[in-house]
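Chains as they are written, first to last, in this note's numbering: chain G, 8 to 119; chain A, 696 to 807.
Hints in this document: simulated from the structure, not taken from any laboratory.
Every residue gets a Cβ at the ideal spot worked out from N, C-alpha and C, and that includes glycine.
Incorrect hints may appear among the rest.
Stated by the list, open to error - Subject to a maximum C-alpha distance of 30 Å in a straight line, what follows is the list of computed DSSO-like cross-link-like pairs (lysine-lysine): (1) G:K72 to A:K799; (2) G:K14 to A:K799; (3) G:K14 to A:K737; (4) A:K802 to G:K14; (5) A:K737 to G:K72; (6) G:K72 to A:K751.
Claimed, not checked - Away from chain A, derived, C-beta distances all over 10 Å, residues of chain G: (7) P15; (8) F68; (9) F82.
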Amino acid sequence: SAVISQKPSRDICQRGTSLTIQCQVDSQVTMMFWYRQQPGQSLTLIATANQGSEATYESGFVIDKFPISRPNLTFSTLTVSNMSPEDSSIYLCSVEDRGWRFFGPGTRLTVL
Amino acid sequence: QKEVEQNSGPLSVPEGAIASLNCTYSDRGSQSFFWYRQYSGKSPELIMFIYSNGDKEDGRFTAQLNKASQYVSLLIRDSQPSDSATYLCAVTGEAGSYQLTFGKGTKLSVIP
Numbered sequence: 008s009a010v011i012s013q014k015p016s017r018d019i020c021q022r023g024t025s026l027t028i029q030c031q032v033d034s035q036v037t038m039m040f041w042y043r044q045q046p047g048q049s050l051t052l053i054a055t056a057n058q059g060s061e062a063t064y065e066s067g068f069v070i071d072k073f074p075i076s077r078p079n080l081t082f083s084t085l086t087v088s089n090m091s092p093e094d095s096s097i098y099l100c101s102v103e104d105r106g107w108r109f110f111g112p113g114t115r116l117t118v119l
Numbered sequence: 696q697k698e699v700e701q702n703s704g705p706l707s708v709p710e711g712a713i714a715s716l717n718c719t720y721s722d723r724g725s726q727s728f729f730w731y732r733q734y735s736g737k738s739p740e741l742i743m744f745i746y747s748n749g750d751k752e753d754g755r756f757t758a759q760l761n762k763a764s765q766y767v768s769l770l771i772r773d774s775q776p777s778d779s780a781t782y783l784c785a786v787t788g789e790a791g792s793y794q795l796t797f798g799k800g801t802k803l804s805v806i807p
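Chain A extracted, bound-state conformation (with noise of 0.2 Å):
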């Protein structure tokens, strides 16, 4: 069964620091990975999608991934109060799956 593993947190950071998300995946054969915040109530926005190792750089947001590992991060810069959402990363299965696995989500909190 593929899993998706995230520390469920929560996570608190103080405003303007550094945020780091870190998810684990078991299907080495996964392809796509997605980070998504979801405010409470709220249905999942999508943040950052990437398919390649390395980094992937959007703004404020990194991803980065290391299939090798099978860990991929989201790095949030100069956080903000607005961050604070649970942030859910998903796997796709392998070449040709459409399935997509969350994981449980991790709460983060940007204090003032």
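Next up, chain G with everything else stripped away, as it sits in the complex (with noise of 0.2 Å):
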């Protein structure tokens, strides 16, 4: 299985700053996805980000907002813009391998 990991593990940050998080993946795949986590909620999808193109939003994201890179098979970022308390929130990247979903440790990011 793809072994993943993402930093930072954990953040806190000031309402209207930015944070870029990083998703590596051990062995390339062709779809990453990230996912937010609310407290005691499931999770959403964000975007797919496919090597080579742009990111697809989900409805309710917006590139602004969480704009993301896909520079090559085995890595990725999420920024999360302009933060605000409602971002607080645990960000999760999953891949694709061979059917199978797997998803990285999380980021557990909190806004003051």
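From the two separate chains plus the hints, produce the assembled complex.
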């Protein structure tokens, strides 16, 4: 199975600032996904990131707020821009590997 | 809108018993079905992946899929206290769709 790492594992940020979250996979994967899990809630897909193309965002999520990069088949970043306390959440990177879907350990973000 | 429904629980079972977790989904074209285990403060861990009608067994876990009834279940035999977690059901869309829709999860508590 694909092994996924994320940086940072957690952060506390001030309102109005931005944070970039990194996702690294130990093998080449076509499909990478970014999810958000708010406290006590299930997972919500933010966007799908394919290498060499623009990310595809789900309803309610926009590129200006959550810009994504996918420079190669093993790496992606998600930026949470102009943060507010409502952005406090766990952000998870996920990959599709031969039909299986794996998740990274997550980044716990607190916005003050 | 695609929906995935799970009983939120909590579901309590004695140690050694069979735990039965259920999930229904609204999109009749859904192709693949996943069960994840999530411990508090951790990211989802993939347990089972099923895409054909019938049963799929892996150790103490059995996933059951009935596409006609739009129903998927997870059985955990010989439940252990370490199985206490939230179990998330996730469903993909039609063929060619990579979107994974999650249920809200069922909290399982295995009583020693």
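Practice item. For the pair we were handed, K737 (chain A) and K72 (chain G), check the Cα-Cα distance against 30 Å. Key: holds (25 Å)
Check your understanding: Is it the case that P15 (chain G) keeps its Cβ farther than 10 Å from each residue Cβ in chain A?
Key -> holds (14 Å)
Review point. Does the claim that F82 (chain G) lies outside the interface with chain A hold up, using a Cβ gap greater than 10 Å?
Key: For F82 (chain G), whose nearest Cβ neighbour in chain A is about 18 Å away, the distance exceeds 10 Å, so it holds.
Practice item. Assess, step by step, whether the Cα of K802 (chain A) is no farther than 30 Å from the Cα of K14 (chain G), and give holds or violated. Key: holds (28 Å)
Exercise for review: For the pair supplied as a hint, K14 (chain G) and K737 (chain A), confirm whether the alpha-carbon distance does not exceed 30 Å.
Suggested key: holds (15 Å)
Check your understanding: Hey, K14 (chain G) versus K799 (chain A), does the alpha-carbon distance stay inside 30 Å?
Key -> holds (26 Å)
Check your understanding: Do the alpha carbons of K72 (chain G) and K751 (chain A) lie within 30 Å of each other, as the hint requires?
Key -> violated (41 Å)
Exercise for review: With a cut-off of 30 Å on the C-alpha distance, tell me whether K72 (chain G) and K799 (chain A) pass.
Suggested key: Satisfied, since the Cα-Cα distance of roughly 25 Å is no more than 30 Å.
Review point. Can we confirm that no CB of chain A comes within 10 Å of the CB of F68 (chain G)?
Key: Answer for F68 (chain G): holds, closest chain A Cβ roughly 13 Å.
Going down the numbered hints, you'll see the structure goes against just number 6.
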